[in-house]
Amino acid sequence: MTSLVDSPQMQAPAGDRQARARGVLALLAALLAVISVTSLATGASGTSLWQALFALARGEAISLRDHVILFDIRLPRLTMGLLVGAALAVSGAVMQGLFRNPLADPGLVGVGAGAGLGAICAIVLGAALPAGLWLGTGLVPLAAFIGGWVTTLMLYHVSTKGGRTSVAVMLLAGIALGALAGALSGVLVYMADDQQLRDLTFWGLGSLAGATWGKVLLAAPLIAAGLATAPFLAHALNGLALGEAAAKHLGIPVQRMKSIAILSVASAVGASVAMTGAIGFVGIVVPHLLRLAIGPDHRFLLPAAGLLGASLLVGADIISRVIVAPAELPIGIITAMIGGPFFLWILLRNRSMLDL
Amino acid sequence: MLHATDLHVKLGQVDVLKGVSVSARATELTAIVGPNGSGKTTLLRAITQEIPYQGRVTMGGEDIAKIPPADLANLRAVLPQASRIAFPFTVLEIVRLGLLAGRYGAQSSLPKQALARVGLQGFEGRYYQDLSGGEQQRVQLARVLAQVWEPLDQGRPRWLFLDEPVSSLDIGHQLKVMQTAKDFATAGGGVLAVMHDLNLTAMYADRIVLMADGQILAQGSPQDVICDDTLSDAYRCALKVNLAPEGKAPFVLPHHARRVA
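For the record, the sequence lines run as chains A and B.
So for the first sequence, our numbering puts the first residue at 1; every next one is plus one.
So for the second sequence, our numbering puts the first residue at 357; every next one is plus one.
It is worth saying that the hints were derived from the structure and are not from the lab.
One should not assume that every hint holds.
[Claimed, not checked] Taking CB as the label site, the calculated pair distances span:
1) A:345 to B:464: 33 to 41 Å
2) A:345 to B:488: 29 to 37 Å
3) A:224 to B:465: 34 to 42 Å
4) B:464 to A:231: 15 to 23 Å
5) A:33 to B:526: 53 to 61 Å
6) A:349 to B:392: 39 to 47 Å
7) B:509 to A:175: 45 to 53 Å
8) B:417 to A:183: 53 to 61 Å
9) A:228 to B:383: 45 to 53 Å
10) A:29 to B:464: 58 to 66 Å
[Said to hold, decoys possible] With a cut-off of at most 25 Å between alpha-carbon atoms, the simulated BS3-like pairs for lysine-lysine come out as follows:
11) B:532 to B:604
12) A:161 to B:538
13) A:161 to B:366
14) B:422 to B:366
15) B:538 to B:604
16) B:374 to B:422
Here the structure is a predicted model, which is why all the values come from computation and not from measurement.
All C-beta atoms in this analysis are idealised placements derived from N, C-alpha and C, irrespective of residue type, glycine included.
Produce the complete structure using the sequences and hints provided.
As structure tokens, this is what we get:
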């Protein structure tokens, strides 16, 4: 990434970063392909992707064990990683554009805090539910998704007055609701027993380990719906960088675009957090790195964030599976451990860009 | 024609506009002048639909509140007073945003021409936030010009709304920017500008609207509005109007007020 920041502009007219952005998009797509294949080929079992693929290509049967590992374990896990990584990074870029602040985060719409509270409720109180209502492993994701949506809708309602959503009110109300959700979560944590505390901790760190086709099929439509709005939002977010009034004067339907942005972020991030727990960092770091490389034009930033976010999450998942094999580290630890120092290094090299 | 009829605006508990009616004609540069807090910018913000108002604003006979945003963006562009940009955009990228309104295509050479028009050729690759206040103001003007580049859209006039377009410019660029606005009007477009500098206003405006305390004190040609009594009344100080030796344009010197005071 950093070499791209330094590379000379490719004969584009001064100030025009579109050619460079296209180049970066192609590189990111290639990177994602390599990482995806690596992910399929890597794992504790020693199953060789290549041998299995050659066998399949020749029309030979592969062992049931290899088939299960490749198609029922690694492939859904890869798919989940791609979806969640793209969802977190694109949502981050959208929120930063909407709040006109490079430090905004998908969590600002309250979806993280609400989903966390939902998950904790399910983990701590779920055992007390009557047996007929017991949804098994589906309960935690479901509760997290509902929690995330309820918080977002409350926040949206609070900050919308007379048909106009104030992003400043949303930011402040989000802090208040986040504190409230945190306090309620604290009460539940206090009530939890040792096994529940362990479950809570792991949920909080995030993991792709539980990915199944069933979960992928649940999350995919919600994430896809969120990501599908990106092309419409890109122009509007570019205009919004000039301020709300100026964006309106450019003919952008600002209020409609805000609603769409908030709801699509809640949908994509809500589904992601519900399925894989809280995976931090991707939503802030990925858009920021890309803005340094290709500039803030959302027509390129949003797709690039999707590609890089997916690569980052799948890459981190590979490391989390390999580093203490056959056990696994929660992926949130890996993203923070790679991302934190790398981000600091980038920031120190680009201080002048921070003066916003 | 642009007509604003009986506009009332309340900001908090304060009546900022108390029944203001103004008209501006395409092919003319109309300037709104008046002391601080007289409601000039509020009037412009009401006319550009930025704030809620009571009353009616029409453009070419159509109620402006009923024109869809995208069509409105094709008919008029608005230059704000000061602009902070959220992300590190280059100058070219900012000016290109003016094309979002959509009639000129994203790939045209228009942004470059617009930058040249405001005296910023060669600034394309600079970062907006690294520029001085006056340069930023001219980048914004270039963006606004790129939005309504041709003053006529199939015979229909386009409009420029400018909120203090020369407030942070040096004298050379003040003249250049005023001339640009004037050219837009001469070519058939309409210009409505909030102005501070009475002398630049007298030099370039075809029509002047003088506001004080949320109301119109006078409107008409520069010769009608720029006169001792009206100005002294509006600005609450003794002002003396003179005529430039080689022309009809009046000018105002504040020296007289000091001698009297």
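Quiz prompt | Pair hint outcome, residue 532 (chain B) versus residue 604 (chain B) [Cα-Cα no greater than 25 Å] | solution = Within the cut-off at roughly 21 Å; holds.
Quiz prompt | Cβ separation of residue 417 (chain B) and residue 183 (chain A), checked against the hinted range 53 to 61 Å | solution = Given about 59 Å between the Cβ atoms, the range holds.
Quiz item: Is 29 to 37 Å right for how far apart the beta carbons of residue 345 (chain A) and residue 488 (chain B) are?
Solution: holds, 32 Å
Quiz item: Range hint 33 to 41 Å: satisfied by the CB atoms of residue 345 (chain A) and residue 464 (chain B)?
Solution: holds, 40 Å
Practice problem: Indicate whether the distance between the beta carbons of residue 228 (chain A) and residue 383 (chain B) respects the range 45 to 53 Å. | Solution: Holds - the Cβ-Cβ distance for residue 228 (chain A) and residue 383 (chain B), about 46 Å, lies within 45 to 53 Å.
Exercise. Please test the hint of 39 to 47 Å on the beta carbon pair from residue 349 (chain A) and residue 392 (chain B).
Key: holds, 45 Å
Quiz item: Between residue 161 (chain A) and residue 538 (chain B), does the CA-CA distance stay at or below 25 Å?
Solution: violated, 41 Å
Practice problem: Take the C-alpha atoms of residue 161 (chain A) and residue 366 (chain B), compute the straight-line distance between them, and say whether it is at most 25 Å. | Solution: holds, 17 Å
Quiz item: residue 538 (chain B) and residue 604 (chain B): Cα distance at most 25 Å?
Solution: Judged against 25 Å, a Cα distance of about 17 Å means the pair holds.
Quiz item: Measuring from beta carbon to beta carbon, are residue 509 (chain B) and residue 175 (chain A) in 45 to 53 Å?
Solution: Holds, since residue 509 (chain B) and residue 175 (chain A) (Cβ atoms, about 46 Å apart) stay within the stated range.
Quiz item: When you take the CB atoms of residue 464 (chain B) and residue 231 (chain A), is the distance between them in 15 to 23 Å?
Solution: holds, 22 Å
Quiz prompt | C-beta pair residue 224 (chain A), residue 465 (chain B): status relative to the range 34 to 42 Å that was hinted | solution = holds, 38 Å
Violated hints, in rising order: 10, 12; the structure is consistent with all others.
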